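Q: Chains C and A supply the protein sequences, listed in that same order. Under our numbering, the first residue of the first sequence is numbered 1, with each subsequent residue one higher. Under our numbering, the first residue of the second sequence is numbered 1, with each subsequent residue one higher.
Calculated from the structure, these hints are not laboratory results. One or more of the hints may lead you astray.
Covered stretches of chain C, going by a simulated chain A footprint (3 or more residues, C-beta under 8 Å) [what the hints assert, rightly or not]:
1. 92-103
2. 140-152
3. 186-193
4. 297-304
The model shown is predicted, which means the values in this text are computed figures rather than measured ones. Where a beta carbon is used, it is the ideal one built from N, C-alpha and C, also for glycine.
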Amino acid sequence: MTRDIFVFVEYRDSTVRKASLELLSRGRQMAGKFSSSLCAVLMGSGVKELAQTLKGFADKIIFTDSEELKDYGWDTYGSALEQILKKYDPMIVLGTSSMIGKDLFPRIAARMRATMISDAVGMDFHEEGVKVKKPLFGGKVVSWLAPDAASMSFITFRPNSFAVETADAQGEIMEEGLTIEKDPRMKTVSLEKSGSKKVDLQEADFIICGGRGMKGPEHFDALEEIAGLMGGRVGASRTVVDSKWREYDDQIGKSGKTVSPKLYIGCGISGALHHIMGMDTSKVIVAINKDPNAPIFQYADYGIVDDLFQVLPALKEELKNTREET
Amino acid sequence: MNILVFIKQVADTEARIIVSSDHKALEIENKYAVNFFDEFAVEEAIKIKETHKDAEITVCTYGPARATEALKTTIAMGADRAFLIDSANTEADDPLVVSGYLAGFAAREKFDIILCGRQAIDDENASVGAMTAELLGIPHVSMVTKLDVIDGTGVRVQSEIEGARKISEVALPALFTTQKGLNEPRVPLITGVMKAMKTQIPVIDPASIDTPFGPATGGASKIKVLSYESPAQRPAVRIIEGQTPVEKAKNLVKSLKEEAKVL
Ligand SMILES: Cc1cc2nc3c(=O)[nH]c(=O)nc-3n(C[C@H](O)[C@H](O)[C@H](O)COP(=O)(O)OP(=O)(O)OC[C@H]3O[C@@H](n4cnc5c(N)ncnc54)[C@H](O)[C@@H]3O)c2cc1C
Ligand SMILES: Nc1ncnc2c1ncn2[C@@H]1O[C@H](COP(=O)(O)O)[C@@H](O)[C@H]1O
């Protein structure tokens, strides 16, 4: 029996994030191949019921429930994770390259002197261990990296890297009672939750993104309606964010977020390299631009050359119709 | 107050990058710049110095000789001194190895605040900041968008976390990674550029640094690059036909549904 494969599970509003389910799905195939067990690690305050929902996805669900873990902090979550890792000594720890993943994983990987590969998009087998697919230079190059199979590896993946497969495992639920250590040098003064129920931009399956061609902030309502219809999110180019038409949270590209939805629709976006770098791993790319020579058409699968203000209302109607049919 | 800034010289986003025919190496066009997010770190250090007159700004990178150029840019912006830990052209694929050298350097210098970028735009790891803080045993805050030194002993920062904005107070010494929005990096003045041209950048032999793993040899890379590939080329775009915008929208949705099967 080889060492376990761990998945650090993230959730939001008492629902496990899709990205974590993706990792559990891929992790299951890996565990099968290595004949190791797949273990979901869940921590927080009041997560007992949430642990139950993971039963079908893993062989073991280790959770720790503590008031100290109500809000995320690398010190408290790290303290819990460290204790669990030391106890079980897994081979691989999988996580999402979310803000928590980017903050917690390197900190604890360094503590464990583990190998850390972040922001990957694929994973396969290599000799005794795994190999990981990771884009470099904003997607200009793709690399395959092999973490040392003998040491513990931490690997984070972009959301939408793997398909979610429902499994019918009968995972054993195990509670770990831990003493959580808080770093006295850190003090939270305030935590202002945005309260938005919108899906996370990086996790959205559908993104409709507006550029300077949208002409002004008021026209983004049309995009919001379409995103709402599709259960997706509105994105923006940097020009739009710099003009204060949209929040920085919406920015896609080199200096914003990297997204890979199933469907990306760019409206009035020229397709500057800095923008492309943030979205070219999308499964299907659509561009709507009145300029047939706009660079975005070099990256798009489908293009409409026309005035976006004429196209958007019709697009909304069409999408609505297909939604109603299905 | 001693401020330490870690910067990385990275290939410019415009630089041409070619994968070698055996898929083992990259040929990068000679266009390099200070990492986009690190400019915010340098700028913030200078802003702290402007209000705390006793502050000194030290910049350091682990990289090849060409990275001296990037260090000079930070001197031109207003940093006081800069050091190159010579990577002797070995690629630093393992962030823990890089963090080991940086932490070793920081431990032998005196510092109160360490600033680094949120992530390097070449490897996009977003790992070196938190790792270095851990190796030094100091607290860190990621993706800081506002930073105020309260007095000599603490800092109040605003940072972005999932779906929320957090304000925290952190005791010094501490490390912060910088995010867009923190400030507007200045363009060096000609006097700064002159000063940078005259500045000698000391080169440090990594073997002389005591890393948290012991001497440098203790921290060999545990990540092996198997191969590089060019990204899969997308097929040429299909421009959707139609007499009117409405017809085009209709045909697009049809294609997305029947051909691409994403609806
Ligand atoms: C260091 C650095 C980092 C950067 N990071 C990012 C980043 O993260 N994200 C990002 O997006 N950019 C980034 N940029 C900026 C990037 O280079 C471009 O300037 C930006 O993406 C352009 O935005 P845009 O496409 O909205 O605007 P434009 O380039 O002005 O394009 C507008 C497009 O709209 C079309 N249009 C106008 N009217 C209509 C209409 N009625 N119907 C249809 N089409 C219409 C036009 O034909 C044009 O193609 C960065 C730049 C630098 C230097
Ligand atoms: N080789 C390096 N030398 C100095 N600083 C670095 C180096 N690599 C990364 N950093 C710093 O760590 C940040 C995060 O880098 P990364 O983890 O590589 O994405 C960068 O923005 C730099 O501030």
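Q: Given as covered by chain A, does the region 297-304 of chain C meet the bar of three residues or more with CB within less than 8 Å?
A: Per the Cβ count (8), the hint holds.
Q: How does the coverage statement for the region 140-152 of chain C fare against chain A, requiring three or more residues with Cβ below 8 Å from a Cβ of that chain?
A: holds (count 10)
Q: Taking 8 Å as the C-beta cutoff, is the stated coverage of the region 186-193 of chain C by chain A satisfied by three or more residues?
A: holds (count 8)
Q: Three or more residues of the region 92-103 of chain C near chain A by CB distance under 8 Å?
A: Since three or more residues must qualify, the claim that chain A covers the region 92-103 of chain C holds, with 6 doing so at under 8 Å.
Violated hints are absent here; each numbered hint is respected by the structure.
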